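Participant: Following the hints, put chain B in place on chain A, whose structure we already have.
There are 2 protein chains.
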Amino acid sequence: MTEIRSEFIEQAKQLTRNAEVLPSGNDGGIGELAAKLQYAHDTQKPLRIKLGMDPTRPDLHLGHTVVMRKLKEFQKLGHKIVLIVGGATAMIGDPSGKSETRPALTKEQVDKNANTYLEQMAKVLDVTDAEITNNADWLHKLSFMELLQLAGKVTVAQMMTRDDFAKRYAEGKPIAIHEFFYPLMQAYDSVAIDSDIELGGTDQRFNTLLGRDIQTAYGKKYPQLVMMLPLLEGTDGVVKMSKTYPEHCISLTDSAKDMFGKLMSIPDNIITRYFSLLTDVGKYELETMDKQIETKAINPRDLKMKLAHLITEEYHGKEGADKAQEDFINVVSNKGIPDDIEDIKIDAEINILDLLVKLNFVQSKGEAKRLIQGGGVKLDGEKILDMSLSIPSGLNKVLQAGKRKFAKLV
Amino acid sequence: MTEIRSEFIEQAKQLTRNAEVLPSGNDGGIGELAAKLQYAHDTQKPLRIKLGMDPTRPDLHLGHTVVMRKLKEFQKLGHKIVLIVGGATAMIGDPSGKSETRPALTKEQVDKNANTYLEQMAKVLDVTDAEITNNADWLHKLSFMELLQLAGKVTVAQMMTRDDFAKRYAEGKPIAIHEFFYPLMQAYDSVAIDSDIELGGTDQRFNTLLGRDIQTAYGKKYPQLVMMLPLLEGTDGVVKMSKTYPEHCISLTDSAKDMFGKLMSIPDNIITRYFSLLTDVGKYELETMDKQIETKAINPRDLKMKLAHLITEEYHGKEGADKAQEDFINVVSNKGIPDDIEDIKIDAEINILDLLVKLNFVQSKGEAKRLIQGGGVKLDGEKILDMSLSIPSGLNKVLQAGKRKFAKLV
Chain A
1 MTEIRSEFIE QAKQLTRNAE VLPSGNDGGI GELAAKLQYA HDTQKPLRIK
51 LGMDPTRPDL HLGHTVVMRK LKEFQKLGHK IVLIVGGATA MIGDPSGKSE
101 TRPALTKEQV DKNANTYLEQ MAKVLDVTDA EITNNADWLH KLSFMELLQL
151 AGKVTVAQMM TRDDFAKRYA EGKPIAIHEF FYPLMQAYDS VAIDSDIELG
201 GTDQRFNTLL GRDIQTAYGK KYPQLVMMLP LLEGTDGVVK MSKTYPEHCI
251 SLTDSAKDMF GKLMSIPDNI ITRYFSLLTD VGKYELETMD KQIETKAINP
301 RDLKMKLAHL ITEEYHGKEG ADKAQEDFIN VVSNKGIPDD IEDIKIDAEI
351 NILDLLVKLN FVQSKGEAKR LIQGGGVKLD GEKILDMSLS IPSGLNKVLQ
401 AGKRKFAKLV
Chain B
1 MTEIRSEFIE QAKQLTRNAE VLPSGNDGGI GELAAKLQYA HDTQKPLRIK
51 LGMDPTRPDL HLGHTVVMRK LKEFQKLGHK IVLIVGGATA MIGDPSGKSE
101 TRPALTKEQV DKNANTYLEQ MAKVLDVTDA EITNNADWLH KLSFMELLQL
151 AGKVTVAQMM TRDDFAKRYA EGKPIAIHEF FYPLMQAYDS VAIDSDIELG
201 GTDQRFNTLL GRDIQTAYGK KYPQLVMMLP LLEGTDGVVK MSKTYPEHCI
251 SLTDSAKDMF GKLMSIPDNI ITRYFSLLTD VGKYELETMD KQIETKAINP
301 RDLKMKLAHL ITEEYHGKEG ADKAQEDFIN VVSNKGIPDD IEDIKIDAEI
351 NILDLLVKLN FVQSKGEAKR LIQGGGVKLD GEKILDMSLS IPSGLNKVLQ
401 AGKRKFAKLV
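So the sequences go chain by chain: A and B.
This note's numbering applies: residue 1 is where the first sequence begins, and numbers increase by one.
This note's numbering applies: residue 1 is where the second sequence begins, and numbers increase by one.
Extracted from the complex, chain A is given alone in its bound form:
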């Protein structure tokens, strides 16, 4: 066995920040990763780093950037990013017709969504240098016999070790046979693009490790390593960030103001986690922050301000971040009311719930009710409690919904 030079051990250690390498061996996978890095260097063959993209969900949020930032690290070291648009899977949808979350997309929709995805991704890494592929290109070409050969590589018991399958089977909920093919297809992608490392969220553990097994079954001597990145919590610090909870989700397309405001709303206990997963702030600085928070040597609000500025700057430039920060401070110093509130003309008397929906302050009347019940809706600073309240024309008061939404009703 070749000796691994310390340079690559160091590089591997850097790369595993925030990440879990699988298989982890006795050293957390550092040795195997370092060996791949050294081999790539010595043979002048960049590593092929795989990431699968789901074109059915093209709206990216900060949670997605955790993996993308790791890709960027590899890219900076000269390795090749291979992005796989899951076109084959997206075009199948759910043939059993039972899942509404798996609508079948047309080829055009897939292409359109993939472009949206890449545009957003370009905010984090150099997409032009990446290899963009679509797994329909090889999966749709598999013949009947090739597909069955693929299926022959895995057993039912193996599939059933995947958490969600095991859970559904135990609960007597149906699992259609074709669902076994989604992990198989993702695994076969690793064969098709000959990946050396696959990145994924911790929910991808089974699928990515299967990729390793399938590569081996198809004769690859040194199959891919897996790097699992953590799932980012939403701004409530509890549930993982997801479009399902829009109020705790920061989209890459959010305005500078929204992004900054949402970041300022995170609980203190996840400040350094956000720094670690979403910025380049170094290990020493992170430890210092942890100590400062613990000993109350610093107001957490100041750290959040720094975090919010750093991240907002990444997506909206320095000017955008400066302006967002300024606005935020104004809101706070003006007792929560900013100075640049838009005038909204009320033409005819309107119910408060309808108005909140009309202004896009909430998504539904249900949400409006809940917000009022929680005391989150105010008129000139006074809480509204009556849901049947009618707003007349020419009221000339400031309506506030939640912490950051304002309108002057005229």
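Hints listed in this document are in silico derivations from the structure and should not be mistaken for laboratory results.
One or more of the hints may lead you astray.
For chains that are exact copies, the list does not tell them apart, and a pair is met inside one copy or across any two.
[Said to hold, decoys possible] Pairs of lysine-lysine residues, derived as DSSO-like cross-links and limited to a Cα-Cα distance of at most 30 Å, are as follows:
hint: 1; residue 1: K221; residue 2: K173
hint: 2; residue 1: K220; residue 2: K173
hint: 3; residue 1: K107; residue 2: K141
hint: 4; residue 1: K306; residue 2: K291
hint: 5; residue 1: K240; residue 2: K167
hint: 6; residue 1: K383; residue 2: K369
hint: 7; residue 1: K383; residue 2: K397
hint: 8; residue 1: K243; residue 2: K405
hint: 9; residue 1: K13; residue 2: K45
hint: 10; residue 1: K403; residue 2: K240
hint: 11; residue 1: K80; residue 2: K36
hint: 12; residue 1: K257; residue 2: K306
hint: 13; residue 1: K13; residue 2: K36
Keep in mind the model is a prediction, meaning the values are calculated, not measured.
Facilitator: Same frame as chain A, but now just chain B:
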């Protein structure tokens, strides 16, 4: 609902002799079967009766003829037999490489075996009037998406209701994912050939009923009925007839003498079962025989003689059956030694085990040993017990192995 005329109720009752119809409903499926028969008659559209053939096992035995005789009944009523050579499955074999019983066959081997199969089948029914198909013709053309759509029609839990899957899963034995496709393929065959009735042994219950479900999933309003035929016991009356136990298996290619002899060896308790499953003897006659055996009004040997003659005649003609019967009687009247024994010249002293193998009386020395241990090897009627016995040249005695193998050693 159309009223079913009694003519077709009667026909359905005739056809269900020995068979179980699924779904059985409250009337054993008679009503549904009669409805199909009547509809076929009234619309002048013969029913399409499906039988799958496994080209990996082309050697047919009497057990196979139980289903084939049922096909013949439908054929006589003017319906269409559709035989499906399982080419697609045979050409896949076992991609996991774990099953030796599923070797992958080439297209040429499949065709050759299918021909052998059909030649033997022709001894029972009119193969020239049947539609011969090969499921490779449609299965190999399924695209990736069509195949996944097919897989989407069935759940893992459904598959696991198949006895052998359930058993293996419970025992922790591997089931490769592709194995789920064998029943799915067989089921899809029913869609492809648009079958009205599928025949099969009782071990085909799951697969054939799945065909019904899959036809429905693909939009067929009146999916196929299933007719399950019993598995025939071997001549020991215990284990199902199979090539695995050649001594209890009667091949369609057996000589008249062997066929007759083996049939004479069956135990009394399965005589009427053999009559019922393997001959046209009517219901009344069967009941009479049952009574005769029960009241000892007849020597069962005489009934067996009739059975053996009937069946042997079917495969070897009247002359062949007569000759076989005559030989059999001679053997018995000569205290078990027939008169037309071949002379075998012993050139040099030879061990008894080696001699038995050389004469093809047994397949191996192991079988020879077991036969001697069981007292089944005799010299001029005296049991041989010494396995190291040497047979010299010019012994001039009759060697007997088992009940029906003889040679005069000279």
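Participant: Honestly, which of those hints from before does the structure not fit?
Facilitator: When the structure is compared with the hints, none of them turns out to be violated.
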